[in-house]
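Trainee: Below are the chains, spelled out letter by letter.
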Amino acid sequence: MKKWLLLALTLLPSLALAEDTPTLDSGDTAWMMMSAALVLLMTPAGLALFYAGMTRSKNVLNTYAMVLSAFVVAFVAWIAAGYSVAFGTASSETLQMFMGGFGNMFLDGIKWNDLSGTYPTYVFVVFQGTFAAITVAIASGSVIERIKFSTWIVFVAIWTIVVYAPITHMVWGGAGAYLFDAGALDFAGGTVVHMNGGLAGLVLAFLVGKRTGYNKVAMKPMSVMLTALGAALLWFGWYGFNGGSAFGANSIAGLAYLTTTLATAVAAITWLVIEWMMFKKPTLLGAASGVVAGLVAITPAAGFVDVGGAMIIGAVGSAVAFFGVAVLKKKLGYDDSLDAFGIHFLAGLWGALATGIFALADQDLLWDGPLKESGDRMGQFMVQLESVLVVGVFTLVGTVIVYYIASALTGGGRVDEETESVGLDEGVHGERGLNI
Amino acid sequence: MKRIEAVIKPFKLEDVKDALAEIGITGMTVSEVKGYGRQKGHSELYRGAEYVVDFLPKIKMEMVVDDKDVDQVTATIVEAARTGKIGDGKIFVSEIEKIIRIRTGETDNEAI
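Respectively, the protein sequence lines represent chains A and B. The first sequence begins at 0 in numbering that gives the first Met the number 0 and counts up one residue at a time. The second sequence begins at 0 in numbering that gives the first Met the number 0 and counts up one residue at a time.
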């Protein structure tokens with residue numbers, strides 16, 4: 000009896016302190032660490048397989064290599080300066096609207112035992128770094144089979160710091176950041192990751208040019224099975240992407256789990272149904288594409304909407320992406336080879352706007368913005384629209400500039416005719432995808 | 000001595016092989032080939048992009064037989080390989096000048 004009482008008394012002071020400074024919560028920490036690992040899985044496994052499976056056999060390793068190298072290069076760039084620009088605090092108010100400055104380059108000023116809320120800052124850095132990596136990796140899909148590997152690597156390193164990081168700052172950078180202050184709602188990266196990466200892809204597709212023989216020569220996917228496997232791994236990892244964006248092992252993460260699963264399932268069904276009706280054949284590639292479209296669409300809304308919202312967002316997101324891939328692309332004639340624009344940009348755009356339409360007017364869920372402050376849903380929609388436009392323009396201009404720099408530094412961004420014809424696996428890597 | 004080349008539907012290979020074994024033919028060379036005649040190809044669909052493939056997979060069997068066995072062998076192949084649908088294939092018979100068995104040096108009819 001006495002021992003128990005003594006223990007209770009010694010714990011009292013820590014209860015008083017707990018209200019003033021956040022302490023490390025092992026549940027939150029474990030969840031955030033796991034989430035970072037899940038999001039990592041999305042890039043060198045999920046996206047890499049998703050993309051490689053759709054590439055012609057002679058270029059399959061190159062596509063995989065572009066995604067894997069995007070991760071490793073972007074992460075180092077993230078530590079070097081990306082994190083600082085995204086989440087640091089700039090020296091002036093004007094600057095802070097758009098970027099966080101260079102005060103935390105190589106994580107200078109951050110100690111291993113610093114906390115971000117209830118878990119280590121280092122874990123936050125890694126988690127956010129995996130987001131940076133997948134964003135730029137998305138763009139690789141638009142320029143497979145023809146962009147120079149060296150140009151791609153240089154592009155990744157610069158783009159992460161100069162385009163991704165400022166956009167991240169504007170939307171998620173905290174007080175003083177332009178779109179954050181305006182009250183834009185982007186739960187896990189509909190604008191920051193998917194619209195951003197998808198649009199960068201389209202820009203690159205225009206700048207690098209179409210593949211030789213595009214629309215004339217058969218360009219068949221090496222293995223739709225690898226693509227489907229990649230989609231499944233992406234879905235698995237996305238629980239970290241959306242679930243981890245609750246920044247704690249809590250009910251909001253639980254909500255994100257539900258909306259993510261439901262929207263994606265509805266999206267996959269939608270794509271299959273549309274394909275069945277339009278082409279009479281429901282394809283596995285279509286199902287996998289529907290899965291990704293749904294995941295993208297629900298990303299900005301995952302912790303803000305409920306069952307009804309999730310289902311509509313998934314269905315419409317899938318339909319919009321289908322339109323982008325099967326109709327828009329043919330009409331406009333661009334070679335966005337793996338539909339980074341068609342799926343990531345368009346479904347992300349829908350998701351970002353739909354967040355304004357379907358976000359629950361719940362004070363505990365909403366971060367900020369007109370809907371939270373005064374129940375002004377139209378106002379919130381306008382803020383979403385503003386965020387979409389600002390991010391769009393910034394990415395467009397930034398990607399053009401970064402590509403030209405990367406291209407100049409590597410003597411041109413496109414492989415020569417012979418390499419493109421023989422295949423980049425042999426021409427660039429000296430490897431063969433399959434030796435049977 | 001005659002060479003018999005038969006282009007048949009791939010799934011018919013086992014049936015033809017078994018039927019030939021029953022009449023005493025125990026050696027042949029088989030290759031995987033592509034081709035088309037009057038059978039139309041198939042189409043594949045990838046995210047709305049349709050590819051029409053003209054060539055269909057076929058099996059080509061080649062064997063060399065004694066002149067006196069030609070009719071029986073071709074009749075056996077025809078019966079075993081026929082489905083009645085377009086694309087069943089064709090058999091070509093041509094003259095062989097010389098045969099040599101590598102292991103023993105036997106020639107012509109002794110090497111069949």
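Honestly, the hints are just simulated from the structure, not real lab data. Watch out, some of these pointers could steer you wrong.
Quick list of in silico lysine-lysine cross-link-like pairs, BS3-like style, CA-CA up to 25 Å [to be verified]: (1) Lys279/A to Lys39/B; (2) Lys328/A to Lys371/A; (3) Lys84/B to Lys219/A.
Residues from chain A that face chain B, not an exhaustive set, calculated with beta carbons under 7 Å [stated by the list, open to error]: (4) Ala217; (5) Pro220; (6) Met221; (7) Phe278; (8) Thr282; (9) Ala325.
Since the model is a prediction, treat every value here as computed from it, not as a measurement. Glycine included, each C-beta is placed from N, C-alpha and C at the ideal position.
Trainee: Next step is simple, just say for each hint if it's right about the structure.
Mentor: Hint by hint, here is what the structure shows:
no. : hint                 : result
1   : Lys279/A to Lys39/B  : holds, 19 Å
2   : Lys328/A to Lys371/A : violated, 38 Å
3   : Lys84/B to Lys219/A  : violated, 29 Å
4   : Ala217               : holds, 5 Å
5   : Pro220               : holds, 6 Å
6   : Met221               : violated, 11 Å
7   : Phe278               : holds, 6 Å
8   : Thr282               : holds, 6 Å
9   : Ala325               : holds, 3 Å
The structure does not agree with the numbered hints 2, 3, 6 stated previously, though it agrees with the rest.
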